[in-house]
Amino acid sequence: MSDWYYMNVVLIQTTLTTLLLALSIQVPLRFGVFSFAGVGAFGVGGYGAAMAMVHLEWSTWPAVLAGTLAAGAAVFVLGLVVQQLSGLYMGMATIAFTLIVSVVAVNGGDATGGAGGLYGALGEITMTHIVLVVLAVVALLQWTEMKGLGRRIDTVREDPELANALGINIAGYRQMSFLVSGLIGGLAGALTTLLRSTITPAEVNFHLVIVALTAIVVGGSRSWIGALIGAVIFVWLPTVLSFVEEWEKVAYGFIVAAAAIYLPTGVLGVAKDSWHRFRTREERARVAAALQETS
Amino acid sequence: MGSGALRRKTLVAGVAMATVLGTAACGSGGDSAGDGGDNTIKIAQVQDQTGPVAYAGLGASEGAELAIEEIEEQGFLGDDVKIELEKYDTAGEIERASSEMNKAMADRDVDAVLGPVSTQQAATVAPLVGRSKVPTVFTQAGGEGVVVNDYTFRVTPPMESYYASVMDFLEEEGVKTASVLYNATFPTFALLGEDDVPAMAEERGIEIVQSLAVQMTTQDFSGQAQQIAKEGADAVVMLLIAPQSVTALGQLKDAGYDGQIVATSVQAAGNIEAAGDNANGLVYPVPFSVAMEDKESDAFTKAFQKKFGKEPDPYAADGYDAVWWIARAIEASGDSSREGIRKGLEQIAGDGFTGAMGDLAFDGNDARIDGVLVRWQNGKETLVE
Amino acid sequence: MQDLLNAATLGSIYLLFALGMALVWGTIGILNFAHGATFMFSAFIGHMVSKETELPFLGVIGISVLVGAVISSLTQLLAFQPILKRSKSQHAAEMRILIGGIGVAAIPLALAQRETRSSPFGFNSSYKSEVFEVLGLRLTTTSAIIIVAGLAIGVGLTVWLRRSRQGLALRAIGVDAETSAGMGVNRPLLAFTTMAVAGGLAGLAGALLTFHLGAIAPETGDQLVIKAFAIIVLGGLGSMLGTVIGAYVLAGAETFVLVMNWGTWVDAVSFGLIFLILLARPQGLLGRKEVRRT
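From first to last, the protein sequence lines are chains W, X and F. Everything in the first sequence is counted per this note's numbering, starting at 1 for the first residue and increasing by one. Everything in the second sequence is counted per this note's numbering, starting at 1 for the first residue and increasing by one. Everything in the third sequence is counted per this note's numbering, starting at 1 for the first residue and increasing by one.
Rather than coming from a laboratory, the hints here were simulated on the basis of the structure. Even for Gly, the Cβ is constructed at its ideal location relative to N, Cα and C. Careful: at least some of the hints might be erroneous.
[To be verified] The calculated label-pair distances, taken between Cβ atoms and stated as ranges, are:
no.	chain 1	residue 1	chain 2	residue 2	range
1	F	Thr53	W	Ala258	55 to 61 Å
2	X	Glu84	W	Trp247	53 to 59 Å
3	F	Glu54	X	Asn280	16 to 22 Å
[Claimed, not checked] List time: in silico DSS-like cross-link candidates among lysine-lysine, alpha-carbon distance up to 27 Å:
no.	chain 1	residue 1	chain 2	residue 2
4	X	Lys230	X	Lys82
5	X	Lys230	F	Lys85
6	X	Lys380	F	Lys85
7	X	Lys82	X	Lys307
8	X	Lys230	X	Lys176
9	X	Lys307	F	Lys51
10	X	Lys87	X	Lys230
11	X	Lys295	X	Lys310
12	X	Lys343	X	Lys133
13	X	Lys310	X	Lys82
14	X	Lys82	X	Lys343
15	W	Lys272	F	Lys128
16	X	Lys380	X	Lys87
17	F	Lys51	X	Lys306
18	X	Lys343	X	Lys103
19	X	Lys380	X	Lys302
20	X	Lys343	X	Lys87
21	W	Lys147	F	Lys88
22	X	Lys380	F	Lys128
23	X	Lys295	X	Lys307
24	X	Lys302	X	Lys82
25	X	Lys82	X	Lys133
26	X	Lys310	F	Lys51
27	X	Lys230	X	Lys295
28	X	Lys87	X	Lys306
29	F	Lys51	W	Lys272
30	X	Lys87	X	Lys103
[To be verified] Not close to chain W: a few residues of chain F, all C-beta gaps over 10 Å, as computed:
no.	residue
31	Met48
32	Gly59
33	Ala106
34	Val155
35	Val159
36	Gly182
Let's have the full structure, built from the sequences with the hints guiding it.
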C-alpha cells in the first residue's frame, strides 16, 4: 500500500489539482454562464504564486493566497466587463482572456521569465494540505448545490426569466460565479505551479480548456461529484491504457468519443438515472404487492 | 545531444570486476538495495515515446539500445553484466513526466535514469531527482532550471553554447549585415534571438539590421520574408521550429531573397527534407551529423545503420552518448549503486570523453561540445569546412 | 500595398479553413472540433500517396477533398448522429458534440504523429509554385489560387444559402429544427450532406495550405481550429458573409502587428480586438439575435 502510494503520489496530487481546474469551469456552467476564464485564472494564479515566491521570496501559503486572490480579482473584473455576452460569444471572449494572459506572460520580461517561464518555485505542499484545501472548496460547492441555493442556481441557468420573476438577482449570481471560478482556478494554478516548481506561458493554453471541459462533460456537469469522477478518469486513464503502448492516444480518442455518445448526462448522470430507475421499480413492486394484498 | 561512446575494447576488465565485487561483497545471494540486482544494471528511460516531441525520445531509445548492445557485447562492464532499459512514456505532458519519474525512482532496482527531453518536463523533475538521489542524465532539455543539483546531468549541450560556430562562419563568409527571424515563444530561440546572437554578432562586426519575432502559432511568413528581402541583408539567422522553417525557407525564396541563411539543429533529423530545393545551401550547427568524419562518430553511424537500417539522427546520438556516459561512470567508480553512478558521472564529466558527438567537455555536470557546421544540399548534410 | 496583399493571402487561408466549420455550425448547429484533424489528415493522406508516386496539382487536391469528405461523413455518422439521437434537444447535445469532436480529433492526430514522428510533411507534386509580379507586388501562384478560391467559395456559399431551396432548408434548420422537420425537411440527410461538404472544404484547405506553406505538421490543424472559432464568432454565427469578413479582420490585425514588428503580441492584439468587437457587438459583426435558444 505505501509503495503504491509512493509511486502514485503525483497522480493523486494531479487528480486533485485537475479537479480544482475542472470545478473552475464547472461553476460558471452551473449558473448558465459559458465562461472558460477559469483557465486564464489558472495562469494568473500560477504566475502570481511563482512570482511571489521567486521574486519576493514569500513562503508557500502566502504565495498561494496571493496567486488565488489575484486570479479571483482579475476574473471578477472580467465578469463585469463581459456580462452582456451570452452563450459561445461569452466562451470566445473568455478564451481570448486566457490567451492574452499567456501572451502577457511571454512578454513579461524578468517578472514572468519570458518564454522560458519561471522555475525553482518549489513550495512546501504536502498531500494533507492539498486534501484539506480541496475538501474546503468542495464543502463550499456542496453548500451551493443544496436545497434552496441549489434550486435558485438551477433556475438562473435553466430559466432566467422565471428566476427574474422570482426576484432572484441574476446579474449578481452570475458575477458571483465569475468570482468563485477565478478563485478556484487561481488556487488550482498556484498549487499546480508550486508542486511542480515551474510554470511557462505555453501551459496556459486552449488545451487546458479542453482537458477541463472533457472531464466535466464525461464526469457529469451538474455537481462537483461529476467533476471529481471526470478528473479521476482522465488523470488515471493513461496509466490504465499504458498496455496499448503507442496506441494510447488513439484509444483515448475512442474512449472520449464513446463517452460523449453513450453517456448523455455523464457518468454521474447515468449512475443517478439507473439508481432512480431501480428505486422506482422497487417502489412499484412494493405498491403492487400492497395493492394485491388489499384486494 | 549526445554523449560519447568510446569503444575502447582494451579497458574492460578491471573496473568491471569491481562492479561485480561490489555486489558480491554484500553477501552471497543478498542484494544491496539500489544496485539493481546481481549483474543487471537497470536504466529507466523517462522520455516521450508518443506525442508531439516523441521523435526525441524515440531517437534516444534507439541510440541507447545500440549503446547497450555494444557494452554487453564488449563486456565493457564485465562479461555477464547486463543492462536493462525500461521505458516510461511521458507523452508530452508535464504531470506525466513527474509521475512516471516518481515511479521509476520508486523502483529500487533502477540505478540511473535518462531524463525527459523537454525543458519544462526536465525542470519539473529536477528537484525530485535531487530529493530522491537518483542520478539522472537528461538529453535535449536545453533550457535553464534542468541541471540544478548533484544528481542532474545533461549530455546535450544547450544550443547557445555552440552557436558561436555559426557566427564564425558568417564572419568568414564576409557577412556584414544580418536579419534575425526567430520564434520568441520558444525558450531556446528567444534566448538566442534576443541575447546571444546580437552579442556574438557585435563581437564579429556583423550588424543586425533587422530582428523579427514571431510566435509558436505563426504559420505564414510571407510578410516577414518580404521585409527581409526588402532589407536585403547579407545573411538571415533563422531560429524557427521545424514546420515553420520549411515554410519560411520557401517564402524567403519566393520573396526573392538569395543571401546566406543559417539555422539551428532543429533542422536536423530530416526535419528540413520537406522544404526540398528551397533548403539547398542552408547552413546549421549540429552536435551530431552523419557527415561527421571522426572515428567515434563514424563508427556510431555505421553501427546504427547496421542495427536499424537507417541513418541515425542527433537524438539517437544523445541516447547513445548518455548510456555510454553511465557505463563509463560505473566503470570509473567501480560501483553500480545510485550513489556510485553519481560519483562516476561526475568523475567522467571532469575528464571529458569522446562519443558519437565528438569530444565532450563539461561545464560542471553539463556537456559542452564544439559542434559541427553542416550544409544541406540536395537532401544530404555535408560538413562545412 | 504588399502588406495588404499579404493580409489578403493570410485571410484567405483562414477563410478556407473556417468556411467548412462555419457552414456546419451556422446551419445544423454542430461545432465540429474535429475539423482541424480532418484538415490535417486529408493533407497527410495526400502526402502519403504522393510519397509513392508524384502527383499533379489537381490529383493532390482531389485526394485531399475526398479524404476530408469521408472523414467528416464518418464523424457525422458514427459520432454526432448518435449523440443527437440520444439527446432531448439540440441544445442539450451541444456540449457533448464538442467533446465528441475532440475525441474524434485525437485519433487522426495520434496516427499522423506516430507515422511522421511529428516532422513536417509536404507533397511530392509536379506542381511548383511560381512567383509573378504585378504593379510591383510579388505574389505566388499558390497565394493567387488561395485568394480566388477563398473568396469564390465564401461568396458562393453565401449566395447559395440565401437563394437555393437546400440553402433555405439548411437555414430553416438553423433557426428552428423541429418546425423545419415538420415542414418536410429531411434533417439527418441534409446534415450528413452538409458535413460531407464541410469535410471536402477541410480537405481542400489542407491541400492548398500545404502547397502554400510547403509543409504542415500534425499539430497545425489544432492551431487553426481556435482561430477559425474566433473568426466565426467574430463574424456572427450563422452568417457566412460574417465569416468572410471575420477572416480578413483577423488576418488584417495579425499582419498589422507583424508589420509593426510586435511579433510576440500577435495573439494579444488579435484576440484583444475580437474581445473589444464582441463588447461593442455582442452578437458578432453580422450575427442575428440568437434565436435557437428559448
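Taking the hints in turn, this is what the structure says about them:
no. : hint                              : verdict
1   : F:Thr53 with W:Ala258: 55 to 61 Å : violated (37 Å)
2   : X:Glu84 with W:Trp247: 53 to 59 Å : violated (24 Å)
3   : F:Glu54 with X:Asn280: 16 to 22 Å : holds (19 Å)
4   : X:Lys230 with X:Lys82             : violated (61 Å)
5   : X:Lys230 with F:Lys85             : violated (58 Å)
6   : X:Lys380 with F:Lys85             : violated (55 Å)
7   : X:Lys82 with X:Lys307             : holds (19 Å)
8   : X:Lys230 with X:Lys176            : holds (16 Å)
9   : X:Lys307 with F:Lys51             : holds (25 Å)
10  : X:Lys87 with X:Lys230             : violated (50 Å)
11  : X:Lys295 with X:Lys310            : holds (19 Å)
12  : X:Lys343 with X:Lys133            : holds (12 Å)
13  : X:Lys310 with X:Lys82             : holds (26 Å)
14  : X:Lys82 with X:Lys343             : holds (21 Å)
15  : W:Lys272 with F:Lys128            : violated (60 Å)
16  : X:Lys380 with X:Lys87             : violated (32 Å)
17  : F:Lys51 with X:Lys306             : holds (25 Å)
18  : X:Lys343 with X:Lys103            : holds (23 Å)
19  : X:Lys380 with X:Lys302            : holds (16 Å)
20  : X:Lys343 with X:Lys87             : holds (24 Å)
21  : W:Lys147 with F:Lys88             : holds (26 Å)
22  : X:Lys380 with F:Lys128            : holds (21 Å)
23  : X:Lys295 with X:Lys307            : holds (18 Å)
24  : X:Lys302 with X:Lys82             : holds (23 Å)
25  : X:Lys82 with X:Lys133             : holds (23 Å)
26  : X:Lys310 with F:Lys51             : holds (18 Å)
27  : X:Lys230 with X:Lys295            : violated (45 Å)
28  : X:Lys87 with X:Lys306             : holds (23 Å)
29  : F:Lys51 with W:Lys272             : violated (53 Å)
30  : X:Lys87 with X:Lys103             : holds (11 Å)
31  : Met48                             : holds (17 Å)
32  : Gly59                             : holds (29 Å)
33  : Ala106                            : violated (3 Å)
34  : Val155                            : holds (25 Å)
35  : Val159                            : holds (26 Å)
36  : Gly182                            : holds (24 Å)
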